[in-house]
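Fit chain B to the given chain A structure using the hints.
Protein chains: 2
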Amino acid sequence: MSAAQDSLRLWLRLFSTTTLVERELDRALKREFGSTLPRFDLLAQLERAPEGLRMGELSERILTTGGNVTWLVRALEADKLVTRRVSPTDKRAAVVRLTAAGKRHFAAMARAHERWIADIFAALPAADRRAMHARLGVVKDRIRSPRTTA
Amino acid sequence: MSAAQDSLRLWLRLFSTTTLVERELDRALKREFGSTLPRFDLLAQLERAPEGLRMGELSERILTTGGNVTWLVRALEADKLVTRRVSPTDKRAAVVRLTAAGKRHFAAMARAHERWIADIFAALPAADRRAMHARLGVVKDRIRSPRTTA
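For the record, the sequence lines run as chains A and B. Using the working numbering, read the first sequence as starting at 1040 and increasing by one per residue. Using the working numbering, read the second sequence as starting at 1040 and increasing by one per residue.
Please keep in mind that the hints were generated in silico from the structure rather than gathered at the bench. This list has only true hints and no planted wrong ones.
List time: in silico SDA-like cross-link candidates among lysine to any residue, alpha-carbon distance up to 20 angstroms: (1) B:1179 - A:1056; (2) B:1179 - A:1153; (3) B:1179 - A:1163.
Chain A regions said to be covered by chain B (calculated; three or more residues, Cβ under 8 angstroms): (4) 1047-1054; (5) 1058-1069; (6) 1160-1167; (7) 1170-1179.
Note that this is a predicted model, so its numbers are computed, not measured. Here a beta-carbon is modelled for each residue, glycine too, at the ideal position from N, C-alpha and C.
For reference, chain A alone in the conformation it holds in the complex (with noise of 0.2 angstroms):
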């Protein structure tokens, strides 16, 4: 098999995996919390933010696609989980924050989704599993750096 072929082959697995994760994070989300991993990844980058970010903010730090964060947003703050202020130093912008409902929610969840992720990867040694994050952050790198032929 060519480099090329080698390399295309990896990257549709690469893809596939990744999409078959994310669906059954999804899948667990709904059956054991009625959310879904958008939600759950909007809720985890209000929760390392504790002074609340702004809508342009959240958008730029999710990282699923597949939900529109003004409507995921409008949703928590009606499941009371979420509050929208306005920023005390620029009056035209809103600030979305977990509330107390809304960090207790979203650390049982945090509990559960790390279970579910050990579930899944507890399929290769420790040592692959270090392994493939090494060699993972090599080709990050490979990406970020710019090249002639790409």
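Then chain B, alone, in the frame of chain A:
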């Protein structure tokens, strides 16, 4: 580092690497072909189905998100890269097929796509690429097999 932390770290890197590669491919398709990854993905599905595909079949086979299939097909039809014809066996269903121009356009993109992928994954020696492919297969099998804890 515990197995759970270790697994979470690997998952986040798997996810972010996949996202980075997707963005890179999308950017390159825009730059060199005025196309996008969802368009490329849709054309790839049609290329594998010389008999054509119904809209429903296309939606099921598309891997990428972010592209509404009806909208994508209309745009590709306007560019004369696909046709929509009534199915001879089911008058209610439209069958989508690549045109000759669509085939040429896809072939040119597929060659470039393979080159970009090869360039990115050239960051890893062939043995590492193969090892990663095999290990991702183990993870995929794990997701697909019934488990008690997830």
